[in-house]
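Trainee: Using the hints, put the two standalone chains together into the complex.
Chains as they are written, first to last, in our numbering: chain A, 1 to 353; chain B, 1001 to 1444.
Hints were generated in silico from the structure; no laboratory data involved.
Do not rely on the hints blindly, as some may be mistaken.
To be verified - Label-pair ranges, simulated between beta-carbon atoms:
#1 B:1383 to A:269: 25 to 31 Å
#2 A:148 to B:1390: 53 to 59 Å
#3 A:251 to B:1418: 24 to 30 Å
#4 B:1421 to A:147: 56 to 62 Å
#5 A:251 to B:1407: 41 to 47 Å
#6 A:261 to B:1329: 37 to 43 Å
#7 A:150 to B:1329: 41 to 47 Å
#8 A:148 to B:1205: 52 to 58 Å
#9 A:261 to B:1401: 54 to 60 Å
Claimed, not checked - Far from chain B, by Cβ distances over 10 Å, these chain A residues were calculated:
#10 95
#11 133
#12 193
#13 213
#14 251
#15 266
#16 334
#17 346
Said to hold, decoys possible - Here are the simulated DSBU-like cross-link-like pairs (lysine-lysine), alpha carbons at most 30 Å apart as the crow flies:
#18 B:1276 to B:1121
#19 B:1320 to A:249
#20 A:258 to A:291
#21 A:321 to A:291
#22 B:1320 to B:1276
#23 A:321 to B:1320
#24 B:1125 to B:1276
#25 A:321 to A:258
#26 B:1422 to A:249
#27 A:249 to B:1049
#28 A:249 to A:291
#29 A:291 to B:1276
#30 B:1178 to B:1125
#31 A:321 to A:249
#32 B:1178 to A:258
#33 B:1415 to B:1320
#34 B:1076 to B:1121
#35 A:265 to A:291
As the structure is a computational prediction, the values presented were derived from the model and not from experiment.
All C-beta atoms, glycine included, are put in the ideal place defined by N, C-alpha and C.
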Amino acid sequence: MPLFRRGPSRPPNDQPPQPEAPAPETAPTPGASPEPEVRWAWGADWSPDKADAARREHERAQLEHGLEKSRTGFAARLRSAFGAGGDADWDEIEETLITGDVGATLAMDLVERARRRREVEPAEAVRDELALLLAPRDAEHWEPVPAVEGGPAIVLVVGVNGTGKTTTIGKLAARERANGRRVVLAAADTFRAAAIDQLRIWAQRTDSEIVAHAPNADPAAVVFDALDAAVARHADLVIADTAGRLHTKSNLMDELAKVRRVIDKRLPGAWVETFFVLDATTGQNGLAQAKAFHGAVGLTGVVLTKLDSTAKGGIVFAIEKELGVPVRFVGVGEQADDLVPFDPQAFVAALFE
Amino acid sequence: MFDSLSDRLRHTLGNLTGRGRVSEADVDAAMREVRLALLEADVNFRVVKDFVSRVRERAVGADILESLTAGQQVVKIVNEELTALLSAGDRTFHLVGSPAVVALVGLQGSGKTTSAAKLAKQVVKQGRQPMLVAADPYRPAAVDQLETLGRQLGIPVHRAPAGTSAVDIARGGIEAAKRTGRDVVIIDTAGRLTIDDALMEEIREINAALRPVETLLVVDAMTGQEAVTVAQGFAAAVPVTGLLLTKIDGDARGGAALSIGAVTGIPVKFLGTGEKTDALEVFHPDRLAGRILGMGDVVSLVERAQEAFDEKQAVRLEEKVRRNAFTLEDMLDSMRQMQKMGPMGQLMSMIPGMGGMAKDAQAAVDRGDLRRVEAIILSMTPRERRDPSILNASRRRRIAAGSGTTLPDVNRLVKQFAEMQKLMRQLSGGAGRRAAMGQLLGRR
Chain A
1 MPLFRRGPSR
11 PPNDQPPQPE
21 APAPETAPTP
31 GASPEPEVRW
41 AWGADWSPDK
51 ADAARREHER
61 AQLEHGLEKS
71 RTGFAARLRS
81 AFGAGGDADW
91 DEIEETLITG
101 DVGATLAMDL
111 VERARRRREV
121 EPAEAVRDEL
131 ALLLAPRDAE
141 HWEPVPAVEG
151 GPAIVLVVGV
161 NGTGKTTTIG
171 KLAARERANG
181 RRVVLAAADT
191 FRAAAIDQLR
201 IWAQRTDSEI
211 VAHAPNADPA
221 AVVFDALDAA
231 VARHADLVIA
241 DTAGRLHTKS
251 NLMDELAKVR
261 RVIDKRLPGA
271 WVETFFVLDA
281 TTGQNGLAQA
291 KAFHGAVGLT
301 GVVLTKLDST
311 AKGGIVFAIE
321 KELGVPVRFV
331 GVGEQADDLV
341 PFDPQAFVAA
351 LFE
Chain B
1001 MFDSLSDRLR
1011 HTLGNLTGRG
1021 RVSEADVDAA
1031 MREVRLALLE
1041 ADVNFRVVKD
1051 FVSRVRERAV
1061 GADILESLTA
1071 GQQVVKIVNE
1081 ELTALLSAGD
1091 RTFHLVGSPA
1101 VVALVGLQGS
1111 GKTTSAAKLA
1121 KQVVKQGRQP
1131 MLVAADPYRP
1141 AAVDQLETLG
1151 RQLGIPVHRA
1161 PAGTSAVDIA
1171 RGGIEAAKRT
1181 GRDVVIIDTA
1191 GRLTIDDALM
1201 EEIREINAAL
1211 RPVETLLVVD
1221 AMTGQEAVTV
1231 AQGFAAAVPV
1241 TGLLLTKIDG
1251 DARGGAALSI
1261 GAVTGIPVKF
1271 LGTGEKTDAL
1281 EVFHPDRLAG
1291 RILGMGDVVS
1301 LVERAQEAFD
1311 EKQAVRLEEK
1321 VRRNAFTLED
1331 MLDSMRQMQK
1341 MGPMGQLMSM
1351 IPGMGGMAKD
1361 AQAAVDRGDL
1371 RRVEAIILSM
1381 TPRERRDPSI
1391 LNASRRRRIA
1401 AGSGTTLPDV
1411 NRLVKQFAEM
1421 QKLMRQLSGG
1431 AGRRAAMGQL
1441 LGRR
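The following block holds chain B by itself, in its conformation from the complex (with noise of 0.2 Å):
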């Protein structure tokens, strides 16, 4: 997510942390930088030479030029400035009313239909019962597709006949939510133009009959200088209560994000973050700036960590790791736990400094390499799960027709593990944890 502005940042400030006394033509040179990089992260225009100015005017007007840590100095003033940019607005996700009406909006192919089934299953978590309501009938299959979903997550989808105008959708779905109790309806509207006059009439007039408690914009992250004019347009409209940003799981730089905050004031109040029905985040400006620059982002992490580990299972992990008897059981198990918390690639740009490990570590996993560790590990006996040193030649063989992979592919297995008996013996002395670290996460 956003690796490649945080490189450009990174590699422009690094320089000049790297000199320690920053002249004015070097902050001339690294402004020029930050520039080019906002605007090929798709950041708006006018926004960026605002940036630009700002951080230059707090940059050489203070201090900076006569102290030994001014590249940290120009660091901290982006980060701010960054911070400040991404922080625009109210980001409380306000479900209020009954039943509470949250309704999508956006252009074709943004990501509305998903996003709703995405945004369903996250009320569901905070323990509402939530009804999706199909208010597209344009785009075919629309209904389908969002009925597919809510079936999926268990959730009711109110759909109308053929013919049914948007807006008698959209109320049908409130009586039906009140009818059957549920107590926050979610309305995924057809995907429009903003210079479409009759479809953005259409959506004033389902705000003025059901009044939203959220009317969220949904934005692609891909998107690029448009983004402003698309959100004024949706804007002028309805009032837009929240941005939910698409697809943030390419290597868009989501210059939009930035943008549409910094001009409209709208905030940022969702990321959806994948394919599957859970990749949905909460939006946390400081933590998004400082993993554009690079700073990582440990409190995500963590929080992902404690939703998905089982406490008693980590205490008794470590326990085993302390005494030495971790075993192949246990791996397995940890590999699991661990593909709970989510995509490798993301875990890994979480961690400071870890950012340029994030792709090789996704790629190994969309290859398939962790599936075939557990097929393999699945393919032993019990026994030979506890004690790896029993495996002579004709069990391997065994394994590794059993498990559909190939000899070596089992050999691998087995010496890896071996390495990471002994890794873990020098962890539990406390010595060698970056080395450690680096050879757990399989580089050879």
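Excised from the complex, chain A in its bound form (with noise of 0.2 Å):
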């Protein structure tokens, strides 16, 4: 259960923007116009509960229908690998992880130390080994809490091009929605032709609030001003979209730090999330994306998306093993629901399936 909730009592359309505030950009509604500006589909009959319950058991669908594809292939190459009477063939299942993007040097790694536990039946002692690289998480709980009264929480979503970031956000969006939080989009992707737009179709779909400028404003100036925004409007939850960049361009990392710094510097002490998106198709170098992005504006979730896809992901071990960082959600397709939370003990164990 999420522990701070605001009630139906205050709805904020009952307030009028304040005037420090900037105006913020609303999702445009076709066909509309005196109407509320900012529509929050917070009504009395939701509950909880049922938002709950249903996200749930939806996503543990989700989860079965992704993983199914990865499972394919990968684990019945890994079953045959073990054979019948634990005289594994260690070399196939050295090769095995590494044609899943597990990475040769941790690959030998592991089965060496796979090797030398003689009391458990090979299967099972890769599985450990794989399990014991990812780090703790409460899997089953994210919440996005504000720490400071009266402000939001904020997640700010960073990545190289490509891998999803607008997309995860829509996600993310919906599913805070459906949790009744009060949600702002804050566009600072302002360099890719029309990211802002897409940003604004998820605004509309999912009944956020979105805060934008024109093309290539400063990116830190569009968060700034969003968090304005949240707390002028009282919402729960700030998702920042952020231009994917390779981690290489330095000039475009320090912008990021600028981003991150100024969601210090308005709301010190709010709770902050930065959640690096990874595509799972993303080989090796995924660790040096990772790392770059942790020395930027240290990261403290990764969002694996297209695991939909027949590939299987497996950086995130070297990237957990390396960085500490957990993998929080994993994407398995492109509707608004297909985000689910990353469950180390099944996504290890559904691999082995």
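Mentor: Written out as structure tokens, the structure is:
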């Protein structure tokens, strides 16, 4: 259960925007006009338990569905490698891990350690060793909880180009809207053509508010204004989109660090998560990416996208091992509800089923 | 580009070269390193196996064990095998048909829309008149993205009302091109997974309806072991004629390019080397193999220089250097020309032996060092630019204020310029070229 929740007794629409706050750009409603500028689907019929139960059920089905595709092939080959009597073909296990993008060095290391554990069968030893690499986390209960009274929680979303940041934000907004939170999206990807339009469509779909500037504006300024707007309107959560950037471009990484600093400046002590969005098809370069972004903004979570493909996403083992940053969510499709919490046990187990 | 892989191989093979005589055990040790380096570069597992066994066979088999230049021979073998791997297929970009139809396909987020715009720009350079077709009806704002890029480039973009199927959008694009006399049609399709049957059927239909002369598979250079599966999936649905490898300007080692070529025989045709619309390069396997091995890529550098440099100006500059009349104005000119050639880091990595400096140079550019220098020079009077010796404290303060920099920045530039002039005297005398080069590039 969320710890912080505003009662329906204070619908935000009743509060006119405060004069010192910048007028946020609102998601345009087709054919609409003097309607309230901000529409929050925040009705009396909403029940957290109902929403929660329905969501969990859906998540389970989605995870099963997404992993099913990853599982076939990878798992089948692992099974055949393990054989029946435990007299495993270790080379083949190593090969299977490498083809799952776990990485050659880590795969060899894992096999070496699993081999030394004679008391358990190979399948279990490898499974254990993989699970040990994953940082401990409370998988089921990720909640954006504002730490500053009157201020929103903030999720800053970063990553290289084309990993699915904007789509992930749309899904996250949908999830948190379903949880009854009032969400403001900050369109701080001011570089990619039409990125703002893409986010605006997600704002409409999820009935969230959006704060956007003109293309090529300073992303830090966009985030600053979004925080102002969120405070003025008593929003619960601000999700900031940022432009995809290669982790090797130091000027762009500096720009990102500035965005992060601006958050601390505007809302000191706020609850801030920095999500690194990683494409599951990414190979060994994923670790270099994660390191660079971690260095620039301090990552608190990974979102592994496109796991509904044939890719295994094995690079997350190295990322968790090296940086201790947990995978929080996995993306398993293009629909608004295709974002499910990452459960390490289930993830590892599912690979071997 | 490919920094780390070339570093690894150079390190491994450097050991071999250093010793001269190589035993079979040495070859084994080197091959273990090569295998690891290639796997870490995301080269497909099966391709690595093949590659290593081919190189080992040639290295151990030949007279190499008796030879004094064994190390060099191994380098040569690895180089040849890499080039062979990268050379798969016909790399010509065919633009035949009226209009010539080019389709871009690939996974979500591989960079199709940006690549479509880059390709269109390249096609314009060849004197053709392209039209872009936004056949991605699914991703929110994908059409707007292509339209924005088209507007920036002055290239028409065909779009259709919401609800139109991708096939109909593509057909409409061809008709629009015929109507308006455009002779190349570049179709941007939606990103799709190879296991998504409905969407794979859609590109099959587009292919059947339009018969594109080129169907390019857009692949992210950071792709892992899945690259081959993905390429095979697309190739099974439509006749893929080439690869367009994107995001190669990062530090991904790009093993995907080697793997796909080796397994499917699909040739790499283009490299996406940056976010700007002109950051698209034609792919040259021999150059790339050389670059992987740290041999530099002088040919590309010279080509870029020829494209960017104004010959008359270059002659004038050379003349000035010789007469010792090189001024701050000339320095500004040459800096600007240099920037026209492309990102500094890329240029440096093409110069043999300077790959290691590429990152520093690029970082200097990214930090805005060059722009600061430009601002300082532009804040000087013409007389000051021609004769920096008149720069007294008061003038320097004025320049710092005018350029938004600090007094130490101005002082540093003036000092560097003085050193540069000294170096040029040496250069024109033919002495100390190597040291001079290092200092010219800002190493203090």
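Trainee: Verify this label for me: residue 266 (chain A) is non-interface relative to chain B, using a Cβ-Cβ cutoff of 10 Å.
Mentor: holds (26 Å)
Trainee: Starting from residue 1178 (chain B), check that the Cα of residue 258 (chain A) is at most 30 Å away, please.
Mentor: violated (49 Å)
Trainee: Is the Cα-Cα distance between residue 1422 (chain B) and residue 249 (chain A) 30 Å or less?
Mentor: violated (34 Å)
Trainee: Compare the distance between the alpha carbons of residue 321 (chain A) and residue 291 (chain A) with 30 Å, and conclude whether the hinted pair is satisfied.
Mentor: holds (12 Å)
Trainee: With d taken as the least Cβ-Cβ distance between residue 251 (chain A) and chain B, does d exceed 10 Å?
Mentor: violated (4 Å)
Trainee: Indicate whether the distance between the beta carbons of residue 251 (chain A) and residue 1418 (chain B) respects the range 24 to 30 Å.
Mentor: holds (29 Å)
Trainee: Does the alpha-carbon distance linking residue 291 (chain A) and residue 1276 (chain B) stay inside the 30 Å limit?
Mentor: Cα-Cα ~25 Å, so holds.
Trainee: Closest CB-CB distance from residue 193 (chain A) to chain B, is it above 10 Å?
Mentor: Nearest chain B Cβ is 4 Å from residue 193 (chain A), so the label is violated.
Trainee: Just to be careful, I want the Cα atoms of residue 321 (chain A) and residue 258 (chain A) compared with a cutoff of 30 Å; is the pair within it?
Mentor: Status holds; Cα separation ~28 Å.
Trainee: Note whether the CB distance of residue 261 (chain A) and residue 1329 (chain B) lies within 37 to 43 Å or breaks it.
Mentor: Distance hint for residue 261 (chain A), residue 1329 (chain B) holds at roughly 39 Å.
Trainee: Decide if the proposed pair is consistent with the structure: residue 1320 (chain B) and residue 1276 (chain B), CA atoms, cutoff 30 Å inclusive.
Mentor: violated (34 Å)
Trainee: Is the straight-line distance between the alpha-carbon of residue 1320 (chain B) and that of residue 249 (chain A) 30 Å or less?
Mentor: violated (36 Å)
Checked against the numbered hints above, the structure breaks hints 1, 5, 7, 9, 10, 12, 14, 16, 19, 22, 23, 26, 27, 32 and 34 and satisfies the rest.
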